[in-house]
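Peer 1: Single-letter residue listing:
Number of protein chains: 2
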Amino acid sequence: MLKKCDLTEKIDQKTFDEKTGPLQAHLGQLQRQLHAEKIPVIILIEGWNAAGISLTVKELIRSFDPRGIELSTIGSPTDAEQHRPLLWRFWNRIPPKGGIAIFDRSWYSRALAETTRHPAWEKRVDTAIQSINRFERQLADDNTIIVKIFLHISKKEQEKRFIDRETNPLTSWMVTPEDWDFHGEYETYFPLIDSFLRRTSTPGAPWTVIGADDTRYAILTAYKTVIAALEKRKTGRDGISGKEHATYTPDLVPAKRHEEKPARLDKETYEKRLAAAQLMLGDMQSILFKRNIPLIIIFEGRDAAGKGGTIMRLTRDLNPRGYRVTPVGGPNEFEKDHHYLWRFIRKYPRQGHTTIYDRSWYGRVLVERVEGFCTRAEWKRAYSEINEVEEEFRSWGGGILKFWLEVSPEEQLKRFQGREKDPSKQWKITEEDWRNREKWDQYSEAIDEMFEKTSTKNAPWIVINSDDKWNARIKTVETVCEYAERLLQVRYQHYS
Amino acid sequence: MLKKCDLTEKIDQKTFDEKTGPLQAHLGQLQRQLHAEKIPVIILIEGWNAAGISLTVKELIRSFDPRGIELSTIGSPTDAEQHRPLLWRFWNRIPPKGGIAIFDRSWYSRALAETTRHPAWEKRVDTAIQSINRFERQLADDNTIIVKIFLHISKKEQEKRFIDRETNPLTSWMVTPEDWDFHGEYETYFPLIDSFLRRTSTPGAPWTVIGADDTRYAILTAYKTVIAALEKRKTGRDGISGKEHATYTPDLVPAKRHEEKPARLDKETYEKRLAAAQLMLGDMQSILFKRNIPLIIIFEGRDAAGKGGTIMRLTRDLNPRGYRVTPVGGPNEFEKDHHYLWRFIRKYPRQGHTTIYDRSWYGRVLVERVEGFCTRAEWKRAYSEINEVEEEFRSWGGGILKFWLEVSPEEQLKRFQGREKDPSKQWKITEEDWRNREKWDQYSEAIDEMFEKTSTKNAPWIVINSDDKWNARIKTVETVCEYAERLLQVRYQHYS
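So the protein lines, in turn, are chains Y and D. Each residue of the first sequence is one higher than the one before, counting from 1 in my numbering. Each residue of the second sequence is one higher than the one before, counting from 1001 in my numbering.
These are computed hints drawn from the structure, not numbers from a lab. Beta carbons: idealized from backbone N, C-alpha and C, even for Gly. A couple of the hints might just be wrong.
[Said to hold, decoys possible] No farther apart than 30 Å at their CA atoms in a straight line, the calculated lysine-lysine pairs in the DSBU-like style are these:
| id | chain 1 | residue 1 | chain 2 | residue 2 |
| --- | --- | --- | --- | --- |
| 1 | D | K1290 | Y | K155 |
| 2 | D | K1038 | Y | K347 |
| 3 | D | K1290 | Y | K38 |
| 4 | D | K1038 | Y | K425 |
| 5 | Y | K232 | D | K1058 |
[Unchecked claim] One side of the interface only, derived from the structure: several residues of chain D facing chain Y at Cβ under 10 Å:
| id | residue |
| --- | --- |
| 6 | I1039 |
| 7 | P1320 |
| 8 | K1421 |
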C-alpha cells in the first residue's frame, strides 16, 4: 500500500486556507448528526516519525465540539498496561455511543514496537494482526465507524524534518537517538509496515495511506478521508456483519446441566476437606503470583445457587492483594453506552493476579437474551465474540475457569422461601428472583445453548451440582487448585 | 500514640472463633444500612511492615458484600500518579455514596516514603500533613466516615516475622533488602510515625493504634474499631462541620465584573496580534513541557460569552499531546454519587501538561447555588474548599489561570437571537439559556461573591469584557502567554 502512494502531491497556502473552513464546518455538522444517532467513531492516525501525526490531529480536532471527543496520545504502556494483553488499554479507550475517540498513534505502533523486539517476531506479528483484526471487527459489528489513516513520508523528507527540529532549541528534545536508529532502518521497516497495513485493511476498518511530504496536502486529504468515511456510514448500514467475516471456530468439549448429585458429607469431613483445599489454594496463589500467571474465574448460575457463598469460601485463604471479586449487575447508563464486553475487559487481572467475576459477559446470552435486552443478532453473535476474547486471554498466557452452579427447581424454591422467612436474609430475595424463576425453561434453553457453543477446549464449562452446598464448595475450591496446578505444569508462553 | 499501645494483649483461638462470627454478621448488616443511607466509608489499614495489614484486610472484607466495596492496595505510584500531586491518586479512589473504600496502606505510607527521602524532609512532612488533614476534612465534611487503623508491632516481633517468611519458599520473595533496612531503622522511624499519627488524628478522621504482636487480638480489635466507628455515625451527625476546623485564609486580590470595554480593532490588527500570540503560546507550551510545569486554565462566563470560541483560538497552535480540554456539563449519576470536586481533580494535568476546563468546580457556587442543586451550607463551604485545592495545586508547582468572560445583557440578547436565526448555530441555544437569562441578577450576585471569596493572590480571577470578541480573544491568549512567562521566571518548587 505504501509503494502506490504518491508523495509528490502539493497544495499551496491559498487553496489550503480556502478549503479548510468548509471542511471543518462539514465535520462539525457530521459530529452532531452521529452523536444524535448514537454512532461511535474511532479515528486513528499512524505514520512514520515526523510524518506530521500530531499536526494532523491538531487540525482535525479543531472541527469538533470538545464535549464529544476523547483524544488519546499513545506512548509507552504504563505498568498496569504492560502487565495486561496488548489490546487491553485500547479496549479501555473505545468511544461511547455518539462519541469520537481520536488516537494519536494506536495499537498499530504498539504492536510493531512490541512484536519486533522478539526473536520469534514473525509469529508474534501474525498473532498481533489476528488480535487486531478481531478487535476491530468486534467494534465494527457493534456499529463503530473506524477510520485509519497512515501518513507516509520519504526517507529524505524524514531526515530533513529531524534536522529542522534539532536545529530549533524549542523542538530539539523531540528527536531522540532511537528516532535516528529507526530512520536508519527505514528500508527494513518499509515492507514490514506495508504488509501490516495490507493485512489489517478490512471491510469494517480500511486503511487510507496519505502522502505527507507536503503537510498541507496531508491535512486536507485527512479531512476528506474522515468526512468520506462518516458520510458513507451515515447513508445507512455498510453491509458489515458478523457473517461476512471468518469467525474463530474453537474445539468444543461437552458440558451438561445435569451433573450427578454426590453423596452427602458429614460435617467433620466437609470442614476438613474444605480447609485443606483453601490452604492449598492460598499457596497456589503465591506460586501463580511468582510465576506471573493471571487467572480469570467466572461464576454463573441459577439464582440462589450459592455463588456468593462459594466465592466467599474460595477466597478464604487468598491474599487480597492478589485477587479481586467483580460483582456484575445490570449495566449502568455509562456502561450501556459502550460495547458490552468493555466493562468486563476493563477488570482483567494483571499478570500474577486473579479476577473473580460474580456473573460475567455470559449475561449477554443469558439474561439479555431471555429478557430481550439485546437483539437476536446480537446474542447470536456473542458466542463467537466471547470465544474469541477468551481465546485471546488464554493465548496471552492466562487461565480461565468457568463455573456453572446449577440447582434443581425444588431446591431453589426451598431457598427462596428460607430467605423470605429469615429477617437477616430478606434483602437477598427480590420480586425479580421470582419472575426469573417463572422463566426456568427459557433459561434452561439459553444455558444449554451457551454450553454447546462456548464450552471450548481452552475454556470449558464446569458444572457444579449445587443442591448440596457443602459438596459444591469443596468441588469448586478443589477444581481451582487442580487447574492452577495444571497451569503451572504447562510451559508459560508469555505473549505481551 | 505508639508508646501507650499495649503489645501484650492476647486472644486464644477458641475465643477468636467464637467472637468473629457475630462481629462479621454485624458488619455486614451495618454495610447494608449505610448503603441505604448513602453514606460513604473509608477504612484504611496502616502499620509496620509484617504487622499483618493484608491479613487484617482479608478478615475485614469477608464481612462485606463485595458489590459495595472497593479494595485498593497501595504500592509505588504509577507513572501517571508520579507526575501528579500526592493525593491525586487517592482522590481518584474515594468511595461513592453508600460504598466502602478499603485501603491496604494509603496516603500515609506514600507520604512517609516520599517526604523522608528529601534533604528538606521536615518541611515536606509538614506540608504533607497539612494536605492530608485538608483532604480528610473535606471528605468528612461531605459526610464520609473515615476509619484509620495503625497496626503496631515491636521490633523483635518484626524480626521474627521476617525470618519466618524467609524460611518458607512460598513467602521468601515477600521480604526485600529494603524491608531489612527499614527494620534496622525502627527506632528512627518510631518517633516520626508517632508524630505523624498524632498530628493527623482529627475529629473527623481519628486514628486507632492496635497492638498487633498477637494477630488474633489485632484482627478482633480491628473488627470492633470499625463497628464502633460505623455505629457511632449511624446514630446521627457527629458534630463534624466545616466551622469547627480552621480553614485556609488566603490573601485576596480584587476582581470586578465590569471591565472597561477596549477600543475596537480593525481586522488586520486583530489577525496579526492574535496569530503572533498564538505562535508565542505554542513555544511557551514547549518550554513548560520541558520544565515539567503543569497548568490549569479555567473558563467560566455568561452563556454566549464566547468560551468555546476563545478556547478554540487559545489552542490554535498548541500541541494536542500536551493539553486537554475538559468540557463540564451537569454531573452524571456516577459523578453525583461522589464529592463534587472528584470529577475535576480526576482531570488534573500531569507535569508539563495543561488542562483547560470549560466550566469548572466553580459550578458549585454558580449554577448549583442559583438553581438550588446543593444546600446553602454546601456552597458556602465550597469557597474555602476550592481555595484549598487551588492552593494545593499551586504549592505543588502548578499554575492556575481563571478567566471570567462577561457580556452585557444587551450583547447576550443579540447573540441569542443571532443563534436562533442561523440554522448552523441553532443547536447552540436551548430553553435553558433563556431561563438562565431571566436569572441575570441572581447570577450577578453569585459571581460577585465568588470574586470576593476566591480571587486569591495565587489564583486571581481575570475578567474579560467579551462584548467585543476580538479583543476578548487577544486579551485571553496574551494573558496566558504573560502568565506562562512569569511562571517560568519563578524558581520551580517541585513538591511531589
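Peer 1: Hint compliance check: list the failing hint numbers for this structure, sorted ascending.
Peer 2: Hint check: 3, 5, 6, 8 fail, others pass.
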